[in-house]
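> These protein sequences, in sequence, are chains F and L. For the first sequence, full-length UniProt numbering gives the first residue as 1, with consecutive numbering after it. For the second sequence, full-length UniProt numbering gives the first residue as 1, with consecutive numbering after it.
These are computed hints drawn from the structure, not numbers from a lab. Heads up, some of the hints might be wrong.
Claimed, not checked - Distance windows between CB atoms, simulated: (1) F/S196 <-> L/K119: 44 to 52 Å; (2) L/D152 <-> F/S196: 34 to 42 Å; (3) F/R272 <-> L/Q155: 46 to 54 Å.
Beta carbons are placed, not taken as given, at the ideal position from N, Cα and C, and that holds for glycine.
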Amino acid sequence: MTTHTINDEQLEFLLSDLLEWYGYDFTDYTRASLKRRVNRLFGLDKFVSFAEFRYRLQTDPIYFKRFVEQITVNVTEMFRDPEFYSALRKEVLPNLGTYPMIRIWLAGCSTGEEAYSMAILLHEHNLLQKALIYATDLNPAVLERAGRGTFPLAYMKQYSENYIGSGGKNDFSAYYTANYNSAKFDDLFRSKIIFSTHNLVSDHSFNEFQLILCRNVLIYFERNLQAKVLELFDNSLESLGYLALGSKETIDFTSIAKVYKRIPGQKIWRKRSS
Amino acid sequence: MNCEALFIGGSAGSLDVLLKVFPGLRADISFPIVIIVHRKRGTDSLLSDLLASRTTLRVKEAEEKEALENGWVYIAPADYHLLVEQTRTLSLDYSEKVNYSRPSIDVSFQTAADVYRDKLICILLSGSNADGVEGLQAVKAQDGRAFVQHPDTAQVPYMPAQGAERVAIDGQLTPEEMAQFINGLNT
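One chain only, chain L, in its complex shape:
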């Protein structure tokens, strides 16, 4: 199956995973990668700078009305929800927090599922609440593929464990397996 977009969501303990995975990603990734990580306000450029330093892929903070390009990594800005439009552009939303979170992983996964349907792959990483679980359900409802970080390898296992329990997921990945898995999605 073709992967047309990869969305990765995480909360507490997920940054270490991303920092471990990013150096192993191939430089010619054939789809956009979107990262939604819970974090404090006012820490905007830090995360994109940190991830950019670990990969040859082009990393940027997502901007509103921006078209999703293959081979780019987009980071959800702090304190806004990040949504995907049918035109495959990104939009931002400052509505109520979802699962006490803004950006909410559910919101991004759900709107991405609406657009990419069975060509979407989502991975839910370490975290301490269940944000992202309903998002994974939406992905499966559109026949996309849903993965979680193997809870045994997560600093905070609650989020991926909830995903594994409440969603008919396609698999569990250890941080060591993730880069190879993502590279293997290339077309």
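Same shape as in the complex, but just chain F:
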């Protein structure tokens, strides 16, 4: 354990400073997780005092970029929770196929693994040519990596297993080109994904979608912010569109719950017709 850590009071000061200095609002993030990550960075970068840490953040915008990248959680996988993707294949894509143009928003896309998974799914259902995936994250650094469409080759075995678990029938390795230690996914997929920064805390709706996916993002938000973000999604979703959340997240007991119907057994809700 590091001897110097940031306490609860210092964390509160820091959060209001960051809002003032950079306009990034973390004040409605759940504290235990946030505190752990801030302290992890504090130890990793060998700060000796809170004052030094605060001064660095105030005076060095490049270090603030690192801060954002390090305190947000960017753990993700292709075809994570295979049964979720299986439900998308069976319950959601057949309905999306009836639209002339399919718009999908993937909020909190991190390094892009889910965006490419979604593109593969659409491709296999012959829907990719008329689809557009808007993949957003508050963190520019992860978007830059996402845009390359290149992931560590060592992960492909797990991703391939996930893919098969999701009902994938093709040879997963045909979708990428292996090069040294990395796997570069076909440009066909990349060409249908728009990566862009969007901060769920402060930015507004930017389009109307038939499917919005936001998995394992709301768990880091306090209840009031969760409610606000769910309203943002509701305002961005066409009627009869779908909203997909992480396996431990729900819209139950929120203001939007009454206009949605859940797909049984899945964290996917369909908006009722208005």
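We have chain F; now place chain L onto it with these hints.
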């Protein structure tokens, strides 16, 4: 001293201990019990169902933003870290594995120590890695109480033995002693 929360962590060989201890727990436990056990993804409801069948206490899988209630048993879901907030609610986190583990016992013990301080009791059971040991250190740093399963009684003694070696623990418990010990914490 008052016990305001009991956290129990374990890995390989810990399920048998819990199944042995649970039937002996009194029905009016005066604090929440939180269980963090390493296990595979996709086995979620199995563990809570299994434990619920051995006790009259109410057992449930922990949900995010859920308030910790006295007399309830909360099971950490597979593949998420389980954290405690100052508001005495639970939160989930899908960050990197800690000690190759998610849920990590260290993460839960450390955040619980931050909240319950000297009113926290933690027990580390059988297991094959050292997850939970730094958590016990955090408990002691806040003057909480730290116990391990007696390594001689553990199917896999490494985890409790590391706890006993690296932490100024308050004692070692055999599975036979544990239910009575926990009942004795009641206020």
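> Now look at each hint and say whether the structure bears it out.
The hints, checked one at a time:
1. F/S196 <-> L/K119: 44 to 52 Å: At 47 Å between Cβs, range holds.
2. L/D152 <-> F/S196: 34 to 42 Å: Distance hint for L/D152, F/S196 is violated at roughly 59 Å.
3. F/R272 <-> L/Q155: 46 to 54 Å: holds (52 Å)
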